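Protein sequence lines, in the order shown, are assigned to chains A and B. Under my numbering, the very last position in the first sequence is 268; numbers go up by exactly one each time. Under my numbering, the very last position in the second sequence is 1300; numbers go up by exactly one each time.
The hints are simulated quantities; they were obtained by calculation from the structure and are not laboratory data. Predicted model, so just to flag it, every value in this text is computed and none were measured. Beta carbons: idealized from backbone N, C-alpha and C, even for Gly. Mixed in with the good hints there might be a few duds.
List time: in silico DSS-like cross-link candidates among lysine-lysine, alpha-carbon distance up to 27 Å [what the hints assert, rightly or not]: (1) B:Lys1211 with A:Lys99; (2) A:Lys180 with B:Lys1003; (3) B:Lys1008 with A:Lys99; (4) A:Lys217 with B:Lys1253; (5) B:Lys1211 with B:Lys1003; (6) B:Lys1253 with B:Lys1054; (7) A:Lys180 with B:Lys1008; (8) B:Lys1211 with B:Lys1181; (9) B:Lys1003 with A:Lys99.
A few chain A residues facing chain B, derived, Cβ under 7 Å [claimed, not checked]: (10) Leu13; (11) Ile16; (12) Pro21; (13) Ala86; (14) Ala89; (15) His100; (16) Phe103; (17) Met110; (18) Leu118; (19) Ala126; (20) Phe130; (21) Ile145.
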Amino acid sequence: MQQIPGRHIILTLFLIFLLLPIYWLINMSFKTNTEIISTMTLWPNRPTLDNYRIIFTDPSWYSGYINSLTYVVINTILSISFALPAAYAFSRYRFLGDKHLFFWLLSNRMAPPAVFALPFFNLYSAINLFDTPWAVALAHCLFNIPLAVWILEGFISSVPREIDETAFLDGYSFPRFFLKVLMPLIASGVGVAAFFCFMFSWVELLLARTLTSVNAKPIAATMTRTVSAAGMDWGLLAAAGVLTILPGALVIWFVRNYIARGFALGRV
Amino acid sequence: MEKIVNQKAWLLVLPVFVLVAFSAIIPLMTVVNYSVQDTFGNNQFFWNGVGWYKDLLDPSTELGGRFFASLWRNLLFSAAVLAIEIPLGILVALSMPREGWRVAACLIILALPLLIPWNVVGTIWQIFGRSDIGLLGYTLNLFGLNYNYVANPLDAWLTIIAMDVWHWTSLVALLCYAGLKSIPEAYYQAAHIDGASRWAVFTAIQLPKMKRVLLIAFLLRFMDSFMIYTEPFVVTGGGPGNSTTFLSIELVKLALGQFDLGKAAAMSIVYNLIVLIVCWVFYTVMTNVGTERRPETGGV
């Protein structure tokens, strides 16, 4: 790749810009509230783990993380398993209304969640799923399934169709071909699609908050608890924030080699 | 690759169709239903026809005034973040290291902001910008700038734009990086032999190769900034005054705050239509660029 002048400076400055606010959050999470409010220091003078201890010992805090991870995992599994056959169909066949259907799916990825907040509340209350992880997982399918179909279609299209034909000639049934032949070939694509489903389900708050009240409350909603009559508990808020960054950082580590192509939605 | 016509492929698409239809069509019909009715509480609804739509599209009414004010604000915001993020993203992508562990390190750091829950992004910047406890606010005030995003609309705007640049420039950079990676080394060698300048290499080789991914980046960023809710809501709550009340914030205020179902529903429909039109333009352009470039790039 051709390089540009001053690239080290540009990149370094940008990475610092990205890391500085995160560093500040981490810094604050190790401080006591008195230290946060009374002094301005670049690192904690007396580092404390109290903020983290509260989160890990208080069920109303850590259950938020469990709730969030539950609906994110359900959503990722649902989205991928529904999207795989559809992506194959869009990639290999032409059928009545295929282009319109693809566009309609895509348009759901673009629909503003604010539009759906209220009707979703009514819908999931009516079918008794309100305040369960399933409600949030199903609601997030609205934008994650189209995305998964889109990414997987890109990856499947880069597998030559001769492979399908050879497999069928060898007597593979369709399900067996899909699992034994195609899946290993697009494994990285499945990984990338799962990563994106995880990502968009993990970061979304508006729908997750609207569709839960107590039992399935996501961590993002729990975090608003730090505002109390006694003022903001900044240290606790920062610690809770740091802990929401960790799952994402872990997931990035696993897909780091495919990340660039994945962001191009499998179609560069 | 020539696709085979096979109507049985519908069977493979059916599960997705049913699931997405369940989450998209039923709620949308509810919204349409609300948008033509009025209620005086007690779950009693009255037919109101297109009354709400008339109000909404007439800037002189209270509803229309609010709608257009937040629409312009939102368009201005989208334009501002696109104008910064697209060039900056290209620049960062061009600055990426060639190979080795540094590439992985850069990719991971770049992707980090994208995986932070949106309310936490808001929280990070809310803290970072505060003049009493935040590094940014404190430093700016130290230099004598009277920066306060809670009271001053301009500061609120700058904070939210900086936050969005921080949050999403990585997406543009990663997309462009993926586009750049697909350029064969031979192109550069040929350019070198021809004595092409760096600028010529950029405009003649790199930019055309990035066209497709830039299009994805442009439209994803437009859509997502057009429906932004959580981050500004956490940082400013739509204020000071109404200065950072974007479309989604206005809509949630109407629907879940005031429970003005009819007005909110009419606004939802118009909002959704705008998105749908932009999305259609996006899709048409995308598929055309696709057929143009596919044979030449050959897969990956």
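Hints, verified against the model:
no., hint, result
1, B:Lys1211 with A:Lys99, "22 Å, holds"
2, A:Lys180 with B:Lys1003, "23 Å, holds"
3, B:Lys1008 with A:Lys99, "16 Å, holds"
4, A:Lys217 with B:Lys1253, "21 Å, holds"
5, B:Lys1211 with B:Lys1003, "25 Å, holds"
6, B:Lys1253 with B:Lys1054, "20 Å, holds"
7, A:Lys180 with B:Lys1008, "22 Å, holds"
8, B:Lys1211 with B:Lys1181, "13 Å, holds"
9, B:Lys1003 with A:Lys99, "13 Å, holds"
10, Leu13, "10 Å, violated"
11, Ile16, "10 Å, violated"
12, Pro21, "5 Å, holds"
13, Ala86, "4 Å, holds"
14, Ala89, "4 Å, holds"
15, His100, "10 Å, violated"
16, Phe103, "5 Å, holds"
17, Met110, "5 Å, holds"
18, Leu118, "5 Å, holds"
19, Ala126, "10 Å, violated"
20, Phe130, "14 Å, violated"
21, Ile145, "6 Å, holds"
Checked against the numbered hints above, the structure violates hints 10, 11, 15, 19 and 20; every other hint is satisfied.
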